[in-house]
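Peer 1: Taken in order, these protein sequences are the chains called U and E.
Everything in the first sequence is counted per the numbering used here, starting at 1 for the first residue and increasing by one.
Everything in the second sequence is counted per the numbering used here, starting at 1 for the first residue and increasing by one.
Source of the hints: derived by calculation from the structure; they are not laboratory data.
We put the CB at the ideal spot given by N, CA and C, even for glycine.
Take the hints with a grain of salt, since some may be wrong.
Label pairs and their calculated CB-CB ranges [said to hold, decoys possible]:
id	chain 1	residue 1	chain 2	residue 2	range
1	U	ALA16	E	PHE154	23 to 29 Å
2	E	GLU185	U	GLY429	37 to 43 Å
3	U	ALA415	E	PHE5	41 to 47 Å
In case you want the letters, here they are:
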Amino acid sequence: MFEAFDAVVLARAQFAFTVSFHFIFPSFSIGLASYLAVLEGLWLWTGRQIYLDLFKYWLKIFALAFGMGVVSGIVMAYQFGTNWAAFSDKAGPVIGPLMAYEVLTAFFLEAGFLGVMLFGMNRVGRTLHFVATLAVAVGTFISAFWILSANSWMQTPAGFAVNAGGQFVPVDWLALIFNPSFPYRLVHTVFGAYLTTALVVGAVGAWHLLRAKSAEGGGNDGARVMFSMAMGMITVVAPLQILAGDQQGLNTLEHQPVKVMAMEGHFESYNSGAPLVLFGWPDQKAGITRYAVDIPKGSSLILKHSLDAPLAGLDSVDRSEWPPVAIVFWAFRVMVGMGMLMLALAAFSLLARMRHRLYDWPLLHRFAVAMGPAGFVAVIAGWVTTEVGRQPYTVHGLLRTADSASRLDAPAVAASLLAFIVVYFVVFGAGVFYILKLMSQPPHRGEQGPERGQPVRAAGLTPSPAVAESLATGREA
Amino acid sequence: MPFAFDLPAIFAFIIAFAIFAYVVMDGFDLGIGILFSAIPAGRERDSAMNSIAPVWDGNETWLVLGGGGLLAAFPLAYSMILSALYAPIIAMLLALVFRGVAFEFRWRDPGHRPFWDFAFNLGSVVATLAQGITLGALLQGIVIRDRGYAGGWFDWLTPFSLLVGVSLVCGYALLGATWLIMKSEGPLQERCYRLALRLGIAVIVAMAAVSAWTPFLRDAYWLRWFAWPQVLFTAQVPLLVVIVSAVFFFSLRRRHHYTPFLMALGLFTLGLAGLGISLYPYVVPPAVSIWDAAAPNVSLKFMLPGVLVMVPIILAYTGYSYWVFRGKTGHEGYH
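Turn these sequences into a full structure, and let the hints steer you where they fit.
Peer 2: What follows is the structure, encoded as structure tokens:
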């Protein structure tokens with residue numbers, strides 16, 4: 001029944017589905033790991049119980065999100081081989097070492113200290129526990145560094161040669177790792193992760209502020225602190241992110257101009273001042289953007305910083321080089337739209353803060369709740385823009401997607417795609433439900449962490465420091 | 001060779017080490033999943049789960065290193081093996097998803113705990129079976145043409161690959177049972193002593209069956225094991241298996257806490273040594289050797305310092321993490 005589909009299209013659908021699902025979790029846990037480190041650091045520094053409560057509150061959520069990130073990530077590590085065998089053979093000598101370094105320097109660090117971070121508070125003492133939290137947070141960064149280097153190399157390959165077997169062979173590792181788009185992508189992605197986390201934390205805080213108000217509870221200190229911290233983060237990072245996005249756009253124009261043409265919906269070239277198409281429907285077959293609403297010369301102003309600068313369009317390259325224009329065009333607009341809304345939330349919260357109304361402005365809180373998922377939407381839309389915009393290549397300009405796939409029959413790929421869809425919706429649907437259930441509880445004083453029934457005393461030959469530690473914390477509490 | 005070192009051989013050893021570390025560490029936590037239906041719900045299951053909750057994630061990272069390392073060091077082998085064994089690999093990945101999330105989900109949703117416990121159990125069985133089938137199918141050999149897989153979609157499904165799959169399920173279950181002997185006390189420990197005895201017998205029978213079958217798969221394996229004079233060397237492996245098994249059963253009878261797990265690890269070490277003897281220097285038998293499949297030397301040279309520096313550090317903090325959670329688990333919290 002699946003013979004009608006093209007095996008490569010199915011393999012692309014499977015990769016897009018699994019990687020999008022996967023990236024939801026790291027884009028949240030990169031920021032959340034840093035937030036947890038900040039909360040625990042504040043607790044150690046000030047000794048205030050509220051930071052410990054918030055730490056434990058978010059730690060339970062982190063445990064769920066991180067677990068889902070791990071299991072969906074293992075799938076990615078193998079999918080290059082199962083579905084993209086030709087790509088793995090040819091690009092493996094370049095991509096492989098970067099991923100191996102990611103495992104060696106990041107994954108083990110995160111996984112090795114995650115157990116201590118989740119369950120070890122009563123076993124290792126405060127300082128060592130903080131070290132574990134920091135190790136996990138640093139691990140998420142190192143991981144982002146390597147995997148974004150690998151991805152960026154596929155966008156803007158550098159520092160390599162091609163051998164007789166058609167394999168990409170590294171020549172200059174520094175040039176390869178720090179390829180032209182990597183620094184921009186790294187900053188843009190990390191800011192995106194920070195914003196995603198801050199929006200979620202802010203939404204949860206705002207939700208509990210609204211609920212406390214309706215219940216006449218007088219507000220929850222934990223909700224206030226997390227809301228304030230999240231809004232502060234968004235106020236700082238949202239404008240920086242827009243700047244970073246602009247810089248990445250300019251970098252893309254330099255190295256992958258066809259992608260920018262698709263993002264802009266420019267089928268035709270403009271000799272003097274290209275318009276900024278706000279909305280429209282790119283018709284790939286006809287080669288025009290229908291129903292376009294545009295600002296004259298706007299695109300030249302943004303991309304070239306000059307009203308009359310000429311800008312080439314898709315008509316300047318062969319059709320076989322075009323990515324699917326409508327997807328790139330719309331995904332880009334969704335991302336930018338979310339960014340603008342984030343900027344609006346940042347401005348609103350700054351106004352509320354200056355008027356000392358951060359905790360009693362229901363409209364702001366409702367806006368923040370509504371913006372809770374905006375980070376995820378923006379992150380996925382951004383990745384769709386850059387990945388679909390790289391088509392029809394896996395390694396930009398050098399290795400076509402059609403030449404990258406495994407020799408699999410369409411029914412095999414269709415069956416696995418179907419299995420992934422069913423399993424991911426069941427498993428991660430349940431996981432997201434559990435996360436929302438945790439979030440629906442306000443943070444409590446003396447919040448319980450993820451430990452359950454972990455022994456406070458080890459019965460081994462050497463007693464662990466747990467007894468003394470639990471007595472000490474018990475006395476202080 | 002322009003290089004003083006045979007880098008592909010070094011990396012073959014490194015990948016083998018990663019696989020060994022994976023089998024040893026994820027083996028016992030998958031094993032606990034396999035045994036989950038034999039452990040009554042409630043306190044015993046919770047204890048069993050608590051004994052691996054802090055470490056399973058680190059254990060599974062070795063699987064990512066195995067995959068990532070294979071891609072980096074032997075990209076051709078990575079692409080051939082994974083696309084040839086598409087069905088079992090995908091089954092393994094999906095099964096690992098189910099069992100991985102069960103660690104947290106079963107605590108978050110007591111109403112559906114039986115469902116997530118079942119997911120943990122079935123996921124562990126399917127993942128292990130798929131790993132064993134993958135190994136069996138690799139030993140049989142993979143049909144290759146033009147740097148790609150050229151066989152049929154069900155080549156992996158043979159009596160031999162199924163035998164290896166079932167053997168691995170028994171093996172991981174043995175690791176799980178002996179791990180729990182070490183980490184638990186009371187009724188759960190007593191139950192695991194009984195399970196370990198039966199599983200020990202099953203594993204030795206399975207090892208004997210796989211070992212007897214393997215030399216008949218290919219002449220190369222036969223020669224590798226029985227040609228004179230290396231038979232003097234290879235004969236040590238079955239001899240050691242006999243010794244380790246004897247110590248294992250003796251320690252069970254004497255109710256030792258640590259020895260059964262160590263002996264189970266010993267059996268796995270010997271099994272992997274046997275596998276190495278059969279395969280080396282082929283990574284995708286019958287045609288692709290480690291030198292055919294290796295990434296260019298420049299890639300291997302870039303990774304070597306990373307591996308040499310990072311792996312000892314990783315082992316150190318992994319050891320630390322195990323040390324933090326040492327001793328018997330999950331008892332006190334339930335009183």
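Peer 1: Hint says 23 to 29 Å; check whether the CB-CB distance for ALA16 (chain U) and PHE154 (chain E) agrees.
Peer 2: 28 Å, holds
Peer 1: Regarding ALA415 (chain U) and PHE5 (chain E), is the given constraint of 41 to 47 Å on their beta-carbon distance met?
Peer 2: Because 44 Å falls inside the window, the suggested range holds.
Peer 1: Looking only at beta-carbon atoms, does the pair GLU185 (chain E), GLY429 (chain U) fall within the given range of 37 to 43 Å?
Peer 2: Since the Cβ atoms of GLU185 (chain E) and GLY429 (chain U) sit about 38 Å apart, the hinted range of 37 to 43 Å holds.
Taken one by one, the earlier hints all hold for this structure without exception.
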